[in-house]
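Peer 1: Chain by chain, the residues run as shown.
2 protein chains.
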Amino acid sequence: MASDGFRPLDEKLLVEYLKATPILAEKLGNQFDKLEIKEVGDGNLNFVYIVISPSGSFVIKQALPYIRCIGESWPMTKERAYFEVTTLKEHGRLCPDHVPEVYHFDRVMCLIGMRYIEPPHIILRKGLIAGIEYPLLTEHISDYMAKTLFYTSLLYLTTTDHKRAVAEFCGNVELCRLTEQVVFSDPYKVSEHNRWTSPYLDSDAEAVREDNILKLEIAELKSKFCERAQALIHGDLHTGSVMVTGDSTQVIDPEFGFYGPMGFDIGAFVGNLILAYFAQDGHAINGNDRKPYKVWILKTITETWNLFYKKFTALWDEHKDGTGEAYLPAIYNNPDVQLLIKQKYMKELFHDTLGFGAAKMIRRIVGVAHVEDFESIKEAKKRADCERKALNFAKNLLKERRNYQSINEVVSAMEQLDSQ
Amino acid sequence: MASDGFRPLDEKLLVEYLKATPILAEKLGNQFDKLEIKEVGDGNLNFVYIVISPSGSFVIKQALPYIRCIGESWPMTKERAYFEVTTLKEHGRLCPDHVPEVYHFDRVMCLIGMRYIEPPHIILRKGLIAGIEYPLLTEHISDYMAKTLFYTSLLYLTTTDHKRAVAEFCGNVELCRLTEQVVFSDPYKVSEHNRWTSPYLDSDAEAVREDNILKLEIAELKSKFCERAQALIHGDLHTGSVMVTGDSTQVIDPEFGFYGPMGFDIGAFVGNLILAYFAQDGHAINGNDRKPYKVWILKTITETWNLFYKKFTALWDEHKDGTGEAYLPAIYNNPDVQLLIKQKYMKELFHDTLGFGAAKMIRRIVGVAHVEDFESIKEAKKRADCERKALNFAKNLLKERRNYQSINEVVSAMEQLDSQ
Ligand SMILES: Nc1ncnc2c1ncn2[C@@H]1O[C@H](COP(=O)(O)OP(=O)(O)O)[C@@H](O)[C@H]1O
Ligand SMILES: Nc1ncnc2c1ncn2[C@@H]1O[C@H](COP(=O)(O)OP(=O)(O)O)[C@@H](O)[C@H]1O
Ligand SMILES: [Mg+2]
Ligand SMILES: [Mg+2]
Ligand SMILES: [Mg+2]
Ligand SMILES: [Mg+2]
Ligand SMILES: [Mg+2]
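Top to bottom, those sequences are chains A and B.
Just so you know, we're using the UniProt record's numbering here: the first sequence kicks off at 1 and counts up by one.
Just so you know, we're using the UniProt record's numbering here: the second sequence kicks off at 1 and counts up by one.
One should not assume that every hint holds.
Identical chains share a label here; the pair holds if one copy fits it or two copies do between them.
Taking lysine-lysine pairs in the BS3-like style, the calculated list, with each CA pair at most 25 Å apart, reads [said to hold, decoys possible]: (1) Lys320 - Lys189; (2) Lys291 - Lys224; (3) Lys126 - Lys224; (4) Lys126 - Lys382; (5) Lys399 - Lys344; (6) Lys38 - Lys347; (7) Lys395 - Lys89; (8) Lys344 - Lys189; (9) Lys189 - Lys342; (10) Lys381 - Lys294.
Rather than coming from a laboratory, the hints here were simulated on the basis of the structure.
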């Protein structure tokens, strides 16, 4: 046991912990004999235990002082659990339908107890690989993004509340630095952590490291990420942080939460859908060419942005005479100017979304952490072909994002590149 | 005496305070019989006492829990003294030649003891009104701006140090809110605090309140001010916060200090020089038409930006392989990309400077706090003519700032508008 009281759990220690923690013990009806415990952490950073007894269930997530998928050689503050639980609670308050409830938090143990998102929920990324359509996904995720981003921005908050929250989340700097490194830096330089489908993508990876214009654009996005406290973002909203069924969508794992640019969240989600799209050809088999599913992904991309736009601006309209201090009603006092500011705001957000989305794609192809969408394509040559298309699309998107006027244009460009 | 130990000083209480405070008493050689004390606070917010004895001198500045020039009806946190002294010390550490030394700080009393900037130093604004040329001003102020802004930005700091400092200065939110109100909001709406040279400027003031494009642009700047933590800015760097002689330049009064956009400081200084320029016709008398002086002001504007550019980018070059995490040398690893990022960064900073400068001009003509440059022009009609030129120039600058490629173009536009 470390001197600060922290202990990394294993299944045996976990049972002891549960017995000693009334709020969790009660959820299990104080029955420990028929306890089922399973460690399911398939993520990159932490340990996740599913705990089930005949009378109740929950999930226990513990942060260790290093990055799980790398090991103790890459230390990482376990304080991230505090920012994860703080973001979970705040986003859960704003959007309870799509965020698991927190039951328990132990700051010393860096341990969160939360609702078990039960089967048939699966990780969205796995659903996308399996070719499953989720008819309510765009309604749900746009709801989550619109509410969490709007209500934590200056469109809703006073400057006082906003700055207080910004200050608190400055404490999550270690996780911000990790993003800076793996998203905005490593892919653009030689780094021991980088990998790609070699030898097929060797020259593609090299081209990324030698592309001055790409470096110029990534610098602008990095500066926004580091300096612009726009809203309390999730910070890691890829398709592996979303659990789904046909009628439910749950967002987990906001340990990278901090006040940053909204486009980083929307871009993470959209960028990972684009990765899923370009991976489909690798999943095609005789009798299932994945063509209809690719159309569904394109529709999902389009609807995600369009529904987000609709819901976010509706919240803005609803609260335009509220507490938010960005646009005072006494100044923005006629329909023309109200339309102008909204168009300007949403246009910048759209371009941020495309830029950050592209950055998140690039790093998944030539950086340290890859995605199962591509990794599950066993044949290297085939995988490389899919990845190259995605990479080329992302490079174009990052450089030319300001020339896209609508999400339809983005989707058309995807189809065009795909058909080449 | 308030229950928290805070007491507003008067001259008698000040002497008691000095006697009871060893570090200050020593500076006076413990001689209190020949003490000269003079309250000189001509500023808008605080009380400033000059204290002189035969063996030493200093200045005592105290923040009261309201805005001095308005009175107790406009409460304002006295905690601002803490942020003033913190910024004074940090800027003083980075640029000791142009920032007065801090001798003493009493957080309970909201009281700062600092170096007395002795005569013949006068407030720069008064020198500009008197038509005095300062040959070293641009060298000095560009030095101050380049050092304080560079060394507190991510070009020099690690993300960790930057975020820690950002968090601390989030505490100065009350002063940020004051700026939001008086710079970015009140001039663009009906407000009891607004005033202007009436009736001459009635329709000009109204036009500001009805200009949708101006409102769109001011919103963009306000959002940068509220959200973008670029560097530790002074926050109130007008020509009334600078004391000068022919060979010395001292920057005082950084109580609005926080992590904000660099262009807000550079713009404040440049914008107030532009106000000084358009006020000159109002100071012209028989035998002194102020024409050569106007040329000197234009040269001062040009040199301020150009020397800032030179010094700031020189610091960047000097430290490009240093601790700063914005542009890693392993990525920005060839002269072409190094030039590109510098040009992009400085271009955005230039346009921010023009925008914030324009915003600071507008608020001095139709907002709550005016400047002596115009106020000292006794004849209202003449004053209004000067102010209108400045206002029209500022409106153009705010709207068209992105079309200016260099400071020379700005100065040419000033001359052209002036000659109309
Ligand atoms: N509340 C939950 N309910 C059910 N499964 C969960 C829950 N939280 C996490 N998981 C499972 O654990 C995995 C890892 O969790 P995650 O929070 O993403 O950890 P990491 O931070 O290590 O990425 C998820 O992919 C999911 O399968
Ligand atoms: N260190 C100093 N040395 C000499 N005079 C000073 C000093 N600090 C302030 N003053 C004088 O006091 C005036 C008001 O000080 P300032 O710091 O600008 O207060 P405020 O915050 O109220 O604007 C200045 O204009 C200047 O004349
Ligand atoms: Mg995860
Ligand atoms: Mg819920
Ligand atoms: Mg995680
Ligand atoms: Mg002052
Ligand atoms: Mg002041």
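Peer 1: Now tell me, hint by hint, if it's right for this structure.
Peer 2: Each hint tested on the structure:
1. Lys320 - Lys189: between (45 Å within a copy, 16 Å between copies)
2. Lys291 - Lys224: Intra 37 Å, inter 44 Å, cutoff 25 Å: neither.
3. Lys126 - Lys224: neither (31 Å within a copy, 39 Å between copies)
4. Lys126 - Lys382: within (19 Å within a copy, 74 Å between copies)
5. Lys399 - Lys344: Both, since 20 Å and 14 Å are each at most 25 Å.
6. Lys38 - Lys347: Intra 45 Å, inter 55 Å, cutoff 25 Å: neither.
7. Lys395 - Lys89: neither (36 Å within a copy, 45 Å between copies)
8. Lys344 - Lys189: between (34 Å within a copy, 21 Å between copies)
9. Lys189 - Lys342: between (38 Å within a copy, 19 Å between copies)
10. Lys381 - Lys294: This pair counts as within: shortest intra-copy Cα distance 21 Å, inter-copy 70 Å.
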